[in-house]
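Undergrad: Given chain A, put chain B in place with the hints provided.
Residue strings, one per chain:
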Amino acid sequence: MNCTEVQSRLSDYLDKTLDVETLREIDDHLSACAPCSVAVDELADCIRQVAALPLIDPPLGFTQRVMARIREIESTPPIWQRMLLPLQLKLPLHATAVILIAILAVYLWEREEPRKLSLAISEQALDTERLPTTLPEAQPSIIPQAKAQRPREVGASKDSLTAARENSVSDQVARARRTEQPLMEQSTSRQQENEADKKKEDIAVLAPPPPPVKGLSVSDEAVRGGRAPVLEFRAGSAPALLAPQRESASKTALPGFAGAPAALQPFDVDLVVRRHPRERDAGASGRLGAQRKSGEEASVVRERAGDRLDQSASRPMMPDISQTTAPQTVWLTIPAGQYERLKKELGGLGTIESESPAPSRDPAALVKRDGSLRIKITIEPFVDAERAPPATPAGR
Amino acid sequence: MVSEGISDAECVQRLQRGETDAFEALVRRHQKTIFNLVYRMLGDYDEAAEVSQEAFLSAFRSIGQFRGAAHFSTWLYRIAFNHASTRRKSIAKWQQRAFPVEASEMVGDEGLDPAAIAERTELRERVQEALNSLEPQEATVILLRDLQDVPYEEVARVLDVPVGTVKSRLHRARQSLKERLTAYVKANRGKL
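Heads up: the protein sequence lines correspond to chains A and B, in order.
Mapping of the first sequence onto the numbering used here: residues 46 to 441, in sequence order.
Mapping of the second sequence onto the numbering used here: residues 56 to 247, in sequence order.
Incorrect hints may appear among the rest.
[As the list claims (entries may be wrong)] If you want the footprint, here are the derived chain B segments under chain A, 3+ residues with CB under 8 Å:
{"no.": "1", "region": "125-139"}
{"no.": "2", "region": "209-219"}
[As the list claims (entries may be wrong)] Heads up, simulated DSSO-like pairs for lysine-lysine below, C-alpha to C-alpha not over 27 Å straight-line:
{"no.": "3", "chain 1": "B", "residue 1": "Lys144", "chain 2": "B", "residue 2": "Lys87"}
{"no.": "4", "chain 1": "A", "residue 1": "Lys61", "chain 2": "B", "residue 2": "Lys233"}
{"no.": "5", "chain 1": "B", "residue 1": "Lys144", "chain 2": "A", "residue 2": "Lys61"}
{"no.": "6", "chain 1": "B", "residue 1": "Lys222", "chain 2": "B", "residue 2": "Lys144"}
{"no.": "7", "chain 1": "B", "residue 1": "Lys144", "chain 2": "B", "residue 2": "Lys233"}
{"no.": "8", "chain 1": "B", "residue 1": "Lys87", "chain 2": "B", "residue 2": "Lys222"}
Please keep in mind that the hints were generated in silico from the structure rather than gathered at the bench.
Quick reminder that beta carbons are idealized off the backbone N, C-alpha and C, glycines included.
Chain A extracted, bound-state conformation (with noise of 0.2 Å):
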């Protein structure tokens, strides 16, 4: 047996678990190589050492601790006991709150949409009609809500105004348009009909009721206090068409929308401007800009209250009204001073056909006790007498 034999061995011999045989053979190596002898007294010398190691007791009480540990697990239901019993008991009670969180969820859910909605149509407002905070004297305001609520120029933020929410709205303006229109003139309401199904996005996109914009709160208000008039233009010719969504708007309680809408309230006098043709109204409305398709004034509904605007007489009263194909309707608030000066800027919109007061109305009260008057002004579009039919009568 050789020395790396002896080595790989040492451990086994020092345990004596090698046979006799193997044993004898490595005492005769151990006893002629010095190498092999030194090596096997080093290891046993270790494992004397670790031998050596004394056996320690554990910490004091460490079995009544363990004991402790063990009757407290004991005592301790299972995790799915915890869970579940008594059944009675935790069945009713996890069913109630997940009722309650259900309840609440659907509650802030409904809260908060609304907020959503007024805040994106109000950042809108602000934006492109930047309000004033104090109102001039004597000048009209326009009041566009179409423009503040259409949600293509919101951005692609103001997309949490939801498709059905906006299907609603815009079947409730199917609906009104259908019951109201016995009410129209009968070719204007059935074009308006046709161009509203045809751009029923378009309705359901400007329908919803107005933003709460500071200076739409105010502007009735402004009036009344004889600071500045107000004008809300509305293009189409039928006013109950709105009237439904309104309702539905307020039935929904949603913010800014409190009180009664312009357009519903009682007017003093009923004017009945028909549009001169197209290339005498270019000086006219060609200051105006408004870009409209022709097909959507019957649903658009513009508002702006609060504007400053300039307090010289050489300003317009009239607001931008672009030229269509469908009548359109301005409700306009004016001091009564301005009256004339307003039925002169008319007569270069186009001819005046009809002048009335309203018919529930008493007339010693067309002039309000703030000095004010509610006109509402129907734009008839050009006819050509040649081809067209003959015009409809004014004031419905």
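TA: Below, chain B alone, put in the same frame as chain A:
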């Protein structure tokens, strides 16, 4: 209170029947060997106490799985070895740790002169450092065989390896330990 005279197997049977007190006898009986195995593997008294306690709790929780194919002590060694190995892995820079000798290790040295006590203490620290420098399986083989004199077959069951593997592993572990301790042992051969 379960009598200390009954065997491990009897205690285990009672425990499996729901007599929790039977476990107390098992803890009293094996706490020292388990604690020393863990202590020598970890080199820290407090951690050894904590890990030993966790090992006993694990044994209590798993007592239903013990079928009696091996000794209860073997099964318990295996649980303790697994807990200690896990703890060693979780302690960062294990190899760089210092392993001071516990005061309780000095029991029996009272009659020696201070120099001899100091030398013995230093030697124990070196041995502990050498043990802790080994792989957990190698350290366990040495501790079970050379410190606790556990038979090869039982060591094989604890480590779940054949007996031949235990022998070869023990040989390698002793050689590693010798390489770490030889210089110190040679220098102090006459004194130790």
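Undergrad: Confirm or reject each hint.
TA: Do the hints match the structure? See the list:
Only when three residues or more bring their CB closer than 8 Å to a CB of chain A does the claim for the region 125-139 of chain B stand; here the count is 0, and the claim is violated. Proximity of the region 209-219 of chain B to chain A, defined as three or more residues with a beta carbon under 8 Å from a beta carbon of that chain, is not established by the 0 residues found. Under the criterion of a C-alpha separation no larger than 27 Å, the hint pairing Lys144/B with Lys87/B is consistent with the structure, at around 23 Å. Of the supplied pair hints, the one linking Lys61/A and Lys233/B holds, its CA atoms being roughly 19 Å apart against a limit of 27 Å.
Annotation: proposed proximity of Lys144/B to Lys61/A is violated, straight-line Cα distance about 35 Å (limit 27 Å). Proximity of Lys222/B to Lys144/B is assessed by CA-CA distance (about 25 Å); at most 27 Å being required, the pair is judged to hold. For the suggested pair Lys144/B and Lys233/B, the alpha carbons sit about 24 Å apart, so the restraint of at most 27 Å is met. Between Lys87/B and Lys222/B the alpha-carbon distance is near 25 Å, which keeps this suggested pair within the 27 Å criterion.
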